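**Q** As a plain string of letters, each chain reads:
2 protein chains.
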Amino acid sequence: MLMSSWVETANDPQCPFPLNNLPFGVFSAGDAPRCATAIGDKVLDLAALQKAGLLPACGFDEPALNTFMAKGPQVWQAVRDRLTSLLSAEHEDGETRLQVTSALHEACDVRLHLPFQVSEYTDFYAGKQHAINVGTMFRGAENALPPNWLHIPIGYNGRASTVVVSGTEIRRPLGQTKAPDADMPSFGPCQRLDIELEMGAVIGLPSNMGQPVSVDEADAMIFGYVLLNDWSARDIQAWEYQPLGPFQAKAFATTISPWIVTKAALEPFRCPTPEREKPLLPHLRDTGPMLYDIELGVSMTAKGGAPTVISQTNYRYMYYSAAQQLAHHSSSGCAMRTGDLLGSGTVSGPDKHQYGSLLEMTWGGKEPLTLDDGQTRRFIEDGDTLALHGHAQGQGYRIGFGSCKGTILPAFDS
Amino acid sequence: MLMSSWVETANDPQCPFPLNNLPFGVFSAGDAPRCATAIGDKVLDLAALQKAGLLPACGFDEPALNTFMAKGPQVWQAVRDRLTSLLSAEHEDGETRLQVTSALHEACDVRLHLPFQVSEYTDFYAGKQHAINVGTMFRGAENALPPNWLHIPIGYNGRASTVVVSGTEIRRPLGQTKAPDADMPSFGPCQRLDIELEMGAVIGLPSNMGQPVSVDEADAMIFGYVLLNDWSARDIQAWEYQPLGPFQAKAFATTISPWIVTKAALEPFRCPTPEREKPLLPHLRDTGPMLYDIELGVSMTAKGGAPTVISQTNYRYMYYSAAQQLAHHSSSGCAMRTGDLLGSGTVSGPDKHQYGSLLEMTWGGKEPLTLDDGQTRRFIEDGDTLALHGHAQGQGYRIGFGSCKGTILPAFDS
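So the sequence lines, in the order shown, correspond to chains U and C.
Sequential numbering from 1363 applies to the first sequence in the numbering used here.
Sequential numbering from 1363 applies to the second sequence in the numbering used here.
Hints are computed from structural coordinates only; laboratory data are not their basis.
There could be a bad hint or two in this list.
If chains are identical, the list can't say which one is meant, so a pair holds when it fits in one copy or spans any two.
Here are the computed lysine-lysine pairs in the DSBU-like style, where the Cα-Cα straight-line distance is at most 30 angstroms [as the list claims (entries may be wrong)]:
hint : residue 1 : residue 2
1    : Lys1640   : Lys1540
2    : Lys1540   : Lys1413
3    : Lys1728   : Lys1490
4    : Lys1490   : Lys1540
5    : Lys1665   : Lys1433
6    : Lys1413   : Lys1433
7    : Lys1714   : Lys1640
8    : Lys1433   : Lys1490
9    : Lys1728   : Lys1640
10   : Lys1665   : Lys1413
None of the values given here were measured: they were computed from a predicted structure.
Required output: the full structure, derived from the provided sequences and hints.
**A** Laid out in structure tokens, this is it:
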């Protein structure tokens, strides 16, 4: 049910940032970046509230949420409760509200930054339809799903240095590729540039080296979720990925949405993982509903054109939850840190219009997409803008993530 | 030729830390960790020299070398020149020498820490003999070397959070494995625990997102080198590594030596990469001798026993240099950062006694090693200590790296 706020725009049922949401991000308004929440069409400066003594000292004056994220679930909840109280329609209209009002900025006037310093970035492969689609294209239908896939959430370490916030322009990568019939590889701009529609789990609490964590402990370590686009260079990937996995094909950019939506805001939308085809071993077994019902989509905009929605799917289609991925990630004793980012893997639903990558939508480029303006696309062209969107739909309100988009710049000369 | 120092122990031809070396590390003596160099059997407190105005302000009072490393080649050389002058036998015996003397600690009295904050860790696979050995065991002799191997230095992103300094005890990892004839995988302690003998290149200067760097630019970005043991769980690796590469099998620990040996100290030992079997594409081509002639070895010590040298090899056997690896790493536009660590890949020479992993030495466990005390080993047992050693041999002096060792603790209950 919608929680009512005295910030009136937050009470619109279509608003992504009602009082129920209170996501965390980092903003600036021509000055130093600092922490914020979003409410309606406003951005609330948490550094100002901290300075005024209205919030506990959690490093909100820093240009990243890591200090706050490291403080753990009790502090996260206390700050959420305090913000809920301060912004509630029931909050009395007095001096405190004046202080809060003076810390509000119009969202359209501020710049949003990467919300946290990414310690390390790991990307998983936990969408079954995606794994089957890609496996079929790369290895044939008989070998589509690797033998380990139903037993562990397969993942690989990605590159944290190129995780950027929505709106950052993305340079088309260069790389080495080899045509099947060529004698030698060649080096040049990626010809099969793609997206991957994912959710990202942001780790708040760290774990100790040598010490695996349980699925429940893992769930408690997660601070919140973002939308995540794992930009992918399919032709570079095809040549490089055997035997050690994706490397430069994924290293050039990963875009995330500017707002981290907290677990608390998503709590009403928890849902179970799909039925298990083979029983999971005890250390990875579900202990409750740990996925979320989040509607996800992708739109594509050719330069100068209007957006075309090219995919609509849901996070609930994943086979493994972020908590299970995190439990697996720590199973060897790998230390997890505040600021680690875990990509869910591409979210593809069972139907073609629910696929989360162009590779799947165009079946390896064989079946081009037609945009609303009549242009066709096999993969991404220079000047195209790709945007992910997502929200959880409640009764009379929605929990939004903000935009997760990027425009492709032409490659440098190789 | 040995450069003579007034620190007399530095003038022994067997000493790993003569005036020619001057490696950088981080130490403490019951107080706060700070930066240091090694000279003879002493450790020189660079924070004290900085405070006394004998060195420029480079963050030497910090518990990591990152600030200094970010300053670039001119500052690196200026500090090296200054330290060389201060410690030279020709330095006049006056007040300055008294100040330097008061900043010296006995190496046996101090604790050495991780020398830099590891931003991200990447591990390569650039030793040809190793790739052939492992490929033969995993995929058969016909498919030993992947098709891309002679064209790009294959690598994967590793885990920075578990890079530890020599001497740190290593917990035997847990993980999921599956016997070839089993219906289901199982979860428990690693049964095939291994080392990988590697060199690590430490990145000083960063690069920009979207902008590839040339091989020469890459070489200039490298601050120095360490010994690196890429601890590996072979049974976990065999089950998990397809199709996205090694993950938990490598994530539990990576040990490095405490001293970063600078490029300047290694300059006399540069040597070329081996002859190319296929020409490299221009962006990866050698521009000069970019490998180093560094003698490397491994010793194994069962609990309570004496060390047995089980491998002796040389860094010059690698097919790709660190500069080529770094050029490849940035080729897609991946931003590199101060503190990035690049593992060379296992250094295996052509002969069996030159192999850099137990997997190769025992050929997958089929041919056990016999230690000097008569014990045999297929893989590492609890209580075993594995140590890497390495030095470049000059005329009348050597450039040493210090120890790179770890002892294995029993696994936690699974």
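**Q** It remains to establish, for every hint, whether it holds in the given structure.
**A** Taking the hints in turn, this is what the structure says about them:
1. Lys1640 x Lys1540: between (38 angstroms within a copy, 14 angstroms between copies)
2. Lys1540 x Lys1413: neither (57 angstroms within a copy, 56 angstroms between copies)
3. Lys1728 x Lys1490: Close inside one copy (22 angstroms), not across copies (38 angstroms); limit 30 angstroms.
4. Lys1490 x Lys1540: Close inside one copy (28 angstroms) and across copies (21 angstroms); limit 30 angstroms.
5. Lys1665 x Lys1433: Neither. Shortest intra-copy (43 angstroms) and inter-copy (41 angstroms) distances fail the 30 angstroms Cα cut-off.
6. Lys1413 x Lys1433: Classified as within; 18 angstroms inside a copy, 35 angstroms across copies.
7. Lys1714 x Lys1640: So Lys1714 and Lys1640 pass the 30 angstroms test inside one copy only (26 angstroms; across, 43 angstroms).
8. Lys1433 x Lys1490: Neither. Shortest intra-copy (35 angstroms) and inter-copy (47 angstroms) distances fail the 30 angstroms Cα cut-off.
9. Lys1728 x Lys1640: neither (34 angstroms within a copy, 33 angstroms between copies)
10. Lys1665 x Lys1413: Close neither inside one copy (44 angstroms) nor across copies (57 angstroms); limit 30 angstroms.
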